[in-house]
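Number of protein chains: 4
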Amino acid sequence: MTSTDRRTLGIALVGHAFMGRAHSHAWRSVDAFFDLPWRPVPVALAGRDAGKAATAAGRLGWASSVDDWRKLLDRDDVDLIDICTPGDSHAEIAIAALDAGKHVLCEKPMANTVAEAEAMAAAAEQAAVRGVRSMVGFSYRRVPALALARNLVAQGRIGAIRHVRAVYLQDWLADPGAPLSWRLDRRRAGSGALGDIGAHIIDATQFVTGEAVTGVSALLDTFVTERPLPDGPGHGAVTVDDAALFLGRLSGGGLASFEASRVATGRKNALRLELNGTHGSLAFDLEAMNELWFHDHTEGPQTAGFRRILVTEPEHPYTGAWWPAGHGLGYDHAFTNEVADLVIAIAAGKDPSPSFADGLAVQRVLDAVEVSAADAGRWTAIAGAQP
Amino acid sequence: MTSTDRRTLGIALVGHAFMGRAHSHAWRSVDAFFDLPWRPVPVALAGRDAGKAATAAGRLGWASSVDDWRKLLDRDDVDLIDICTPGDSHAEIAIAALDAGKHVLCEKPMANTVAEAEAMAAAAEQAAVRGVRSMVGFSYRRVPALALARNLVAQGRIGAIRHVRAVYLQDWLADPGAPLSWRLDRRRAGSGALGDIGAHIIDATQFVTGEAVTGVSALLDTFVTERPLPDGPGHGAVTVDDAALFLGRLSGGGLASFEASRVATGRKNALRLELNGTHGSLAFDLEAMNELWFHDHTEGPQTAGFRRILVTEPEHPYTGAWWPAGHGLGYDHAFTNEVADLVIAIAAGKDPSPSFADGLAVQRVLDAVEVSAADAGRWTAIAGAQP
Amino acid sequence: MTSTDRRTLGIALVGHAFMGRAHSHAWRSVDAFFDLPWRPVPVALAGRDAGKAATAAGRLGWASSVDDWRKLLDRDDVDLIDICTPGDSHAEIAIAALDAGKHVLCEKPMANTVAEAEAMAAAAEQAAVRGVRSMVGFSYRRVPALALARNLVAQGRIGAIRHVRAVYLQDWLADPGAPLSWRLDRRRAGSGALGDIGAHIIDATQFVTGEAVTGVSALLDTFVTERPLPDGPGHGAVTVDDAALFLGRLSGGGLASFEASRVATGRKNALRLELNGTHGSLAFDLEAMNELWFHDHTEGPQTAGFRRILVTEPEHPYTGAWWPAGHGLGYDHAFTNEVADLVIAIAAGKDPSPSFADGLAVQRVLDAVEVSAADAGRWTAIAGAQP
Amino acid sequence: MTSTDRRTLGIALVGHAFMGRAHSHAWRSVDAFFDLPWRPVPVALAGRDAGKAATAAGRLGWASSVDDWRKLLDRDDVDLIDICTPGDSHAEIAIAALDAGKHVLCEKPMANTVAEAEAMAAAAEQAAVRGVRSMVGFSYRRVPALALARNLVAQGRIGAIRHVRAVYLQDWLADPGAPLSWRLDRRRAGSGALGDIGAHIIDATQFVTGEAVTGVSALLDTFVTERPLPDGPGHGAVTVDDAALFLGRLSGGGLASFEASRVATGRKNALRLELNGTHGSLAFDLEAMNELWFHDHTEGPQTAGFRRILVTEPEHPYTGAWWPAGHGLGYDHAFTNEVADLVIAIAAGKDPSPSFADGLAVQRVLDAVEVSAADAGRWTAIAGAQP
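Chains as they are written, first to last, in my numbering: chain A, 216 to 602; chain B, 216 to 602; chain C, 216 to 602; chain D, 216 to 602.
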């Protein structure tokens, strides 16, 4: 659709680091690829340093900039606030934005504590009554291969799920000389590998299976307990985990294992998910993100085997909006797909997914992992998860 | 750099189908990811249907539109013309643009005949004297894994090249019911799989090896000789090849084999390149475009083997401009990388690569393939290629 | 060496089912491929049914047969007794054989209980004083790729081990219609997936790392609790686990996760082992048993990546005895390699490996897994494992 | 079946190097795994050096040895002669053996010239009338995955074949310091990579497709023209090819490309075969010999993809005789499968496959490749191949 005959949706971005750059690219690109009912318009970028914010706005395609996210709340041209700051500020910004009647997209992890997440979920529920929408940014749900995995599970293609094994392996902290950053500070980041990347595999598991994690037995560890300070001589204490392992059970009765590590040498971004059901199996690795492996156990033994589906066909989720078959997508396309879905939901007056309730569910699992790990691996039920 | 302190480069696009959409995305995105000396500004889009051109301009991010590419030639705000039309119009537009002092980016295949390509290369050479630059759009040169392959060859990591095997396999014409399109008409497309995708593997081979193909022995075939007309009942004749196979020799003495097919069932975009040199080997498959496989033959047998390099490190070509290690790129990123290099070359007053001379070299190989195939596979030397 | 100038070693086999067939092939083949100091001679096969034993002896290459393993104990032509019966008979036969001065090769799992395993280990220790040797048949230690993995770890190529993830996935019990067999009866088999295939990944982990598992937190489950009786109508209760998952810690401080399942649809024999150390990583999958993947983290980022080592070079463990490079081995070759090592150790007057003490160590981990699983996943230390 | 109630088949082996060792293992093992109608008995081994032959016989399991293959011809206990000598002696031995009424198994390449191969095929045809059988040892036909590939083609699962690409890549001659051996001497070996490994991909193509290669366009080259003498100082001339590339056409109209090289660094035994048909595709790599990749093009796009069939199921060719699903076979198992089929055919009074006529067909393709390469790649029809 052309720009003239559509209602616009004014977007404001808070934060302009890694995630801000990814979201800017998505907002800048989405209207060229998707047939959207409303036209998103990047109107403002907020950052604490006015000069840096202005520079970022110019480079990333935002029409204006402000030095305080609060200045966005009463602007009429802002319909949606997209939160790309560290986790400890999410609750305050999101709740204020929802109260001000702005739709909210909030990066993951949604919060640093269950209490914050509960407050956010409550605010989102109330806002929805007033037609104000919210979404948490588990962008991997919009990787076409994972979206296809969910569809195949929902279609019953793998039957009842008996096993999930989910790992997320990176290695950027393998070197003990890697400096201490805010991500290694429990007060800023909440936790380490657990919340940073473990949150992704919990959400991906719940998304693809359509089930909840109902309990866990966990083990956390920190291999490098001191790291060089980033801004001068000396070392400081690492107060978060390097690695998190936990066993879990799904609401449908299946067994699951999870591992998140930032010291797994040679693995760069290996979010791997494997599901074994009574009728088939699925396997995925984010390092080869355009592929989904599917075994159909109902097929005869002569030709049964894991097949590599190149998830780039027009019939696959999202890919029809992009390039011809076989022309793969990259990391950033998931964000563009995400904001497309968000705009479509807002225009349709529907709640987008994943909701803040979904974000809260993940937060509760993260919390149970820490409780179990502190209690010698004792099985710990997830509050509110239906067994 | 911010927008205020940089010279701008006005860009105009001709054509707004598949390639026009890809190029628009690149021009719209490049300044957010790369530190460019000049700031590209998408000023105008040209298309024969004024209404469609205006709609496309709005959606794809161009400030204005015109209904004839000739109207771009004397506009002061246009510094570069980006040609995304079918091959039979490339020569006319490119030569006119260069004559008008506009830099040119021309999609591949650069031309439909050697004569056209020679005229274009001559025009480009003359324009370069006046500081007007030209580039042919073999975008795969900017896939990081292929760029890394070239670097490793240039560093001598695989030694003298003895073997290249290059295939480009697709399957969108496997079904005899797929309709007759302009791509199956020799007058519009020049040739079939040969020029469409065979051109890519010729250029990729010459780019990665740094050598020229000096002769070929070829075989062409068309499996489906009639196809349904797209706009009504009845069938029409297919006048191009479905598949092209040829053996070749490189200027350094190595042997090469090439195969391009659009009827290879199950292969969607399988541009595969494998090189065996005296000191090592490389392998690449565009269906897994973030990976390069490298065997170091100088290593001892205990641990030697093909290693899968995930070409996403900051030290790899182009990837430092994008996302953290392990976060892969997709099809479109190659175009963004391409226009970044083009802007940098123009600002530096240097000739970008691949040049129109490179495009001509590919065209001469395509021509020799057709000559050889028509003469029972007889060895046919490539005009101008140094043995 | 020729047959005339070498001392012989008389071999007797107990059992002639799956494992007996594999061991027979090994004993029949080993002298043709390895340069052995002594010549093994297959002299007798024992089986409870005299007729079946005689038939099996003829077919599998044994010179004679007996209907009771006890008849082997005082035969002068029997130097070694190879035990291939179900686990509940291992302790009795092995201890009697050792007491009779016969060397013993005992299939895994070495025993059904820790008490049996302790008795066997004690008997083996006493026998060794008298020059009588014993070995437990964890044949996967002799898969060349796993033996190479151990060598690389021992050489320090991956540094200190931080992570092990070990799974063994099969699917032959995924179908609820698969009949009840002795392997599903706790009294005969000891446990289910845990002892059958979980034992392999425990041993493989301890072998490759050279470290001990010091504690576990576990979860067991049985998905199909009743199965058809094999010999008539009706169903019987399954009294063992279908799947076993456990987290563990290694004596060097690393973290490990384990999963054994016989209901993982599409996975046929997927013993997968991945290790991440401070200097590198290794990965293996028994379904592609001739390959070992190695990442050298000390290499620069330009070319670092997991390399696929085809473990078939003359320089690799065992493979020099077989075929030229690139000509892979299969499942049975590990048994031939195993008995070669056993004969060499006996001739050299040395204790072969893995010892009955190694078998006991695995049994203690299996036991701790059951204790932990019965106590809500509580962390359970392994008796005797050095932290 | 037991040894007492079956007719025996006396086997004699000529040659005891690499192939002799592989065949001995097969003859020694086959009766333990396959239910054979007749019982093969290894009665004699022939080698020119009496001492070496005796030693080899002892080690490889042959009951006796002779110093001249001619001494086997009138022995009543010899029913079959298995020829494992270099190619230049095949014709003489095979024809003499057939004339003497002995069944013959002859290693590949069947002969060094078309004339020899024609004489052998004629002798085999005449012998068959008298119930004397002959087989040429293209053992890869008995790799289960390739046998399954043939079955799927024969079942029509990939439809009409449009493309075959077949390569056989090794690297043991990449090093110019590798010594001159008889395999590099045209008089002994006939040709280089072409006959040694190119013969395998020609036969595999004709076997799997069920079609004949009807013509070729070829290119041969020798990169290392002099090599060190094996037995002293100095160098000698290499008189065979290092690499052979050729394009071909199949009797069903499909296109094929072939490449054989012994200088392809990093590739150890990469016999790769890929077929694209109108209804599907198949891919195989001997370096992962237990896997066959199959794409079913009749399936919908949601889940279509190349599936990795682990060819180890009881329902797959040959594998039911061996181990449980997922337990892979190695290089030598193909020989055991081969002699099983041979014994079964002889007992059934049927001609085994591949016949000497099949061996001749391969020889004619090899010959046409050399003719075409010597004539600038000119298309050269294969004598006797039906277009």
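Since the hints were made in silico from the structure, they are not lab data. Everything numeric in this text was worked out from a predicted model, so none of it was measured. Careful: at least some of the hints might be erroneous.
Intra- or inter-copy, both count: the list cannot distinguish identical chains.
[Claimed, not checked] For lysine to any residue, the following SDA-like pairs were computed, each having C-alpha atoms within a straight-line distance of at most 20 Å:
no., residue 1, residue 2
1, 565, 315
2, 565, 316
3, 267, 251
Could you work out which earlier hints the structure fails to respect and list their numbers in ascending sequence? Of the numbered hints, all hold.
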